[in-house]
Each structure stands twice: as C-alpha cells, then as structure tokens.
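Colleague: Now for the letters of each chain:
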Amino acid sequence: MTEHPDLMEPLRAEDPATRPEAGGANGAEPGRWRGVSRRYVTVSLISLGIWAVILLAAMGWPVLLKVIGPFEGTSWWWLLPWPATVVVVFGALMATTPRRVRARCYREDAEEFLVRKGLWFRNLVVIPYGRMQYVDVTSGPLLRAFGLAAITMHTASPQTDATLPGISAEEAGRLREHLTERGEDRLIEL
Amino acid sequence: MSTGQVPWAQGTDDWRRMHPLSPLARGWIAFVVVIGAWLNTVFNGFLEDLTGTAENSPSPEDVPQVTEFFVTLPAWLLYTGFGLAGALLAAAGGAYVWWFTRYQITPTHVRLRSGLVFRQDRQTRLDRVQALDIQRPLVPRLLGLAELRFEVADAGETSVALRYLKHDDARDLRRQLLGATGPQVGSSPAADSEPVDGLVEAAEQGDRTDEVEILSVPIGRALAARVLSIPFILLVLVLAVAGLVSLFNPHAIGGILAGAVPAVLPLAGSVLQALEVSWGFRMYRTPDGLRLRYGLLNKTSQTVPSGRVQAMAVHRAPLWRPFSWSLVKVNVAGYGTETGNESAGNRSVLLPVGTDAQLDLLFREGLDLPADLTALVIEGLVGAAKDGSPFSSAPHRAVWASPVVRRRHGYAVTPRALLSRTGRLHRTCHVVPHDKVQSIGLGRGPVLWRLNLATVSLHSISGAVQPTIECMDFAEAQQFISDQLRRGRPTPSAIPQPTSSPTRPTSPTRPAGAHR
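Going down the list, the protein sequences come from chains G and E.
Numbering follows my numbering, in which position 117 of the first sequence is assigned residue number 117; successive positions increment by one, without gaps.
Just add 1000 to the spot in the second sequence (first one is 1) and you have my numbering.
With the C-beta cut set under 8 Å, the calculated list includes, among others, these residues of chain G facing chain E:
1. Glu111
2. Arg122
3. Ile127
4. Pro128
5. Gln133
6. Tyr134
7. Ser139
8. Pro141
9. Thr155
10. Gln159
11. Thr160
12. Thr180
13. Leu187
14. Ile188
No wet-lab data here; the hints were simulated from the structure.
Quick reminder that beta carbons are idealized off the backbone N, C-alpha and C, glycines included.
Just chain G, with the same shape it has in the complex (with noise of 0.2 Å):
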C-alpha cells in the first residue's frame, strides 16, 4: 500500500471510477479506487422506499383514522410527529443515498485489497489477500433485476466488515476468481 493522502474520501461524482460499466471489463489498475456499480443508487432507493412504505403504514394508521372519522377527537400532536419522522430521516437517508453509494469503493493493490465505506462513519477495511478465507457472492431478487451481485470477503476475523452491496454480477465473478487465486500465491498459514 502507498501512502495515499485520500484514503478516507469518497469518490467525487465526476471521478470516471463511479463509472465501472463504462470502462468494460479490463480489470482495474492497481492503486485506484473504484466505486460499486452506479445502479446500485437506484436499487437501495427502491428497497429504502419499501421501508420507508412499510414503516409509514406501521406509524401512520391513526392518521388515516382521523381523517376518515373514528380517531376525530386525537389531537395532530399526538398522531403526526410518528410519520413526520419517518418521512424526515428516509427522505435525508434517500437524498444523501448517491453519495453513499459513491463512497463504497474499493481498490486492489499489489497485496492487499481495500474496502471503504460511509459518509459520517467513515471507514476502511484492509486486507491483505493471504488472510482471505474466502468469498461470498450473494444476490437477491432486486439486486439480480439490474445485474447485481453483493461480494462479500472473508477472513479469519469476524471484524472484517468487507461488503461490497452493488457491483455488477461480472464484476463480482471476476473479483472472486481474482481474489481467490491471489490468496492462493500468497496463502498465510494461521
């Protein structure tokens, strides 16, 4: 790893490397940070906005209630502070969504790859490619409608906190063969 002064910030929105689909498929360069998929904005709108329904059919019932008459006498103070916050915090998580999504990336170097994540909480995850255990490409309905895959690394460690939610299903094979045989040459005995 060399010392990047930028390890802790996410991509800007004009960084190519927000771009993986325009690249193709060559591979990445090692050293450079590469963001998950730009789809991936659009899938965890969609999946907030199912909570977000959910929990305001969860918190807003009283509210219909006293429009259509049986809850007339509730005063709104008690009724719509519940779903006023529902809408407040997924409509900050939904607007700050693309910019998370940007600060998911994640970059191979020569012996260790590394994981970022978060706007607030930042963090970073390394891992050099020995301690790999092994890696985990999962999918769910939502995510395999736009071509996604989520990859997730493994090592000895259940602190190792590496997901990548929303890379495309190529990319995540490509990852795993390639994650795996590097941690084959340089294979760390525990």
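Assemble the complex: chain G is given as a structure, and chain E must be docked to it using the hints.
Modeller: Showing chain E alone in chain G's frame:
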C-alpha cells in the same frame, strides 16, 4: 462415489446434489409437528364422531355460507386434509431447497451453491480447510446419512457443510480428500464419532508425567480478587439498597424483589463464573501447550496450544491496582464461539488473577515470549503519556474526543508484536503478534474527522480480545497501517521453526483440527 476416486467435478458445470433424504433429515421437526398435530386432531375427531359429543363444533347457523360446506364435513376428514396440505407444503419446501442446493469438488476448491430467489454461492479452497469432520446428529443417523463439514478458521462458522450425504459416501469422500490433499487438511481425532469436547476434558484424563508446574493462584487471592471486582461491589450495593428499602417500607418487598432479581442474577452469575476459573488455578507446561486446571464446582482441565494464541489482552481492574494483579485473556484459533457451553466464557482466560512476577513467568516460561515484553506490558498497564515512554500517545487535541482516557491511548511496536494500551480506570494492554493480524480497519466519525484523528482496529480471530488504537493522528494512522501491513507479511524464506517462534503453528503435521 465408492469407486475409490474422489468425485472431482468434470468441468465447471458438473454439480452434484445432496442425498434425496436430506430434506427429511433437515426438516424433520416440521414433519413431526405436522404428523403430531394430524394424529392429535384426527384422534379427537374420531372420538367425537363415535361418541357424538362434538359439543364444541359450531352450529351451522353461526357460520357464513362458504365455510358451511367444510364445517359439515366430518372433523377427521377436514384435519386429514389440512395435515396432508401441510405435509405437502413442507415436502415441497424441502424438495425446493434440496433441488437448488448443489455442490462441486474440484482439486483445489469446494463450492456450495444454494437457493433460487436468494442465491448464495460459496467457495473455499481445500488447502484452507482446517478440519474435515463428519457429524451425525440423531435423525440423519437413523436415516443412514452424515454431514461432511469443511471447517475453515472463520468466525466460528463452518464455511461449507454438505448436508447430508450417505454415511459411507461421506466417509469415503473424507478419506480420499485427506489422501489427496496430504497433511494440509487435518481432522479431528473424534471426527467420526459423537462430537467430543476435546478442550475441556475430565481432570483425571491424560497423563500428568510431562507436566511442569509454572504457577498457581492461592485461594485467598482468588477470593480477594472477586471481592475487589466491580460486579461484586455492584452486587453488594444492589443487595444493600434492596435490604434498606424493604426495611423501611415493608409493603414494597414484592416490587423490590421484582426489581432486584434481574440485576442480581447476572451479577452473581458473573462473579461465580470468574470465581470458578480462579479457584485452585494451576498452570502447567506440557509438550502440547499450556495446561490449565481449575474449578470450584467443575474440576476442569484445559489445554491451550501456545502456538495458536492469536492475540492477548492483559486487564487490570481499578481496585486491583494496589496489588498489581492482572487478568490475561487470549484468542485461540479453533475455540470458536461456542455458546450454550457453560464454561465458554472462561475458555478465553489464560490467567485469572496474577501478580507481575507471575505475568513475567507466564510470558517467558509459558509462552516463550522475549524477556523484555513483561516490562513493556506492565508499562502498558500503569504508564501514561510522557516523554521517553516506549508507547506513542494520542495528540493533545484528542482531549476533545476523549478527555479522560486521552493520556492512556497509545501503542508500541516490538520486532514481533504490537502492543496497544487503553483505559483509565479499567486498564488494558493488548498484545498482537504482527503475523496474526487478519485485517486492519480505520474508522472515524464526525468528531474525530473534525480533529483529524482516526481509530485503528487490528482484526484478530473471534474471541475476547479485540485490539484497537484510539485517537491516532490521521496521517500517522495511514502511515501506521502501511507499516503494520509490511510487518505482517511473511518473510519470503520463512520456514516454520517451532522452537524459535512460539507464535507460529507448532508444526505442519499438527494442523488446527487436530487439537479440537
């Protein structure tokens, strides 16, 4: 599969399925529930039909038109229908899981692919497998099936488990894989029998001839250490308050009991558990590692393979400081995170309460660590930021993030290990060998970001020890990570030398699984 050859996959699309009875072995509880419920209701229905005492059945006028048809059916027929539907549903679910669960064994990998809607594709390298175990729970055993587990050193979680294969096939496969991969893949000595707890064996078992006693904890000190521990003091406080209140207000005894019991039970439990591990504690040195014998209610003997110690934490409780006592906990590869086992919380304890001299004894005699480490660890326990200390310390501006503990955050680097210290009241010093760090994390929240600081965590295997260095200057942290990664890399010509390097695996012929 019993042709004497490993069923290597012929190409990447050659996938195999588990034994067709696996769904029954996996979901037998569902079957039992369905069949039990069916038997119960059918039997009741028969009785009612026979005796004509179906008093509870609703009268036809009460129910809507649609359900009238069902209500007029004999009850047992209705329930048989429900039972059949339930069984069919369970069978369909089991068949679905079975159909979409496939595995593949190549000369280098084992892959497991499962699920259709939520797909999972997991692969692990055969040379990463620490143990290849066959497990036979009761129901699969009755069906002649067995589970083949490829254990890797992960978070106490099996990486790949083939559930279930025919027992003979599983045994053949295991033998052939062990032959094929040579000594890299270990296997438990108890692999083909009931799971045996190999770490906590009966105290009488095993010969004591090769044991050399290193140290022991007197019972007086074990008791005193408990009395001076935070849980005990809290316990006494809670009991005293409850006693006083009920003395002056006898009517409230019920409420006080209800409030105090949930607080008292875990506190008393933790005091007793800690007393259990320090009572009659003796440590011996054996060829296999350190043997610990202790126990008040359960006499326990535990072997800690010293080559598999991955990280160590030395703690000093606030009231132990006048006596310089400390508690040593370790992360040991292969212990996993077994819950449900009463002594699981005690397994990470290497020394329940020891003096500084015993700490030195443990490090030099027990773990073959360099002689200067003891002084460094003690400095890590008692020292604070000052010039000339071997520990680096957090910069002054960290006062805003951590006003009390700031002067205690720091780390020191030795040729073989990294030490980090923290804690003002409850003092802690972590020791991690450089080559045991799995990965490194760097994190900072909004406050640390303002102060240009960061927290570095060194990820060790699962266990009680999780070393972190708080409030590091951000630029220093980046430099530290790149240095630490360099220190953790194996030297190219490194040949494992068990005598010179106690923190490495004891020898290649004793893989991790052999100790389990």
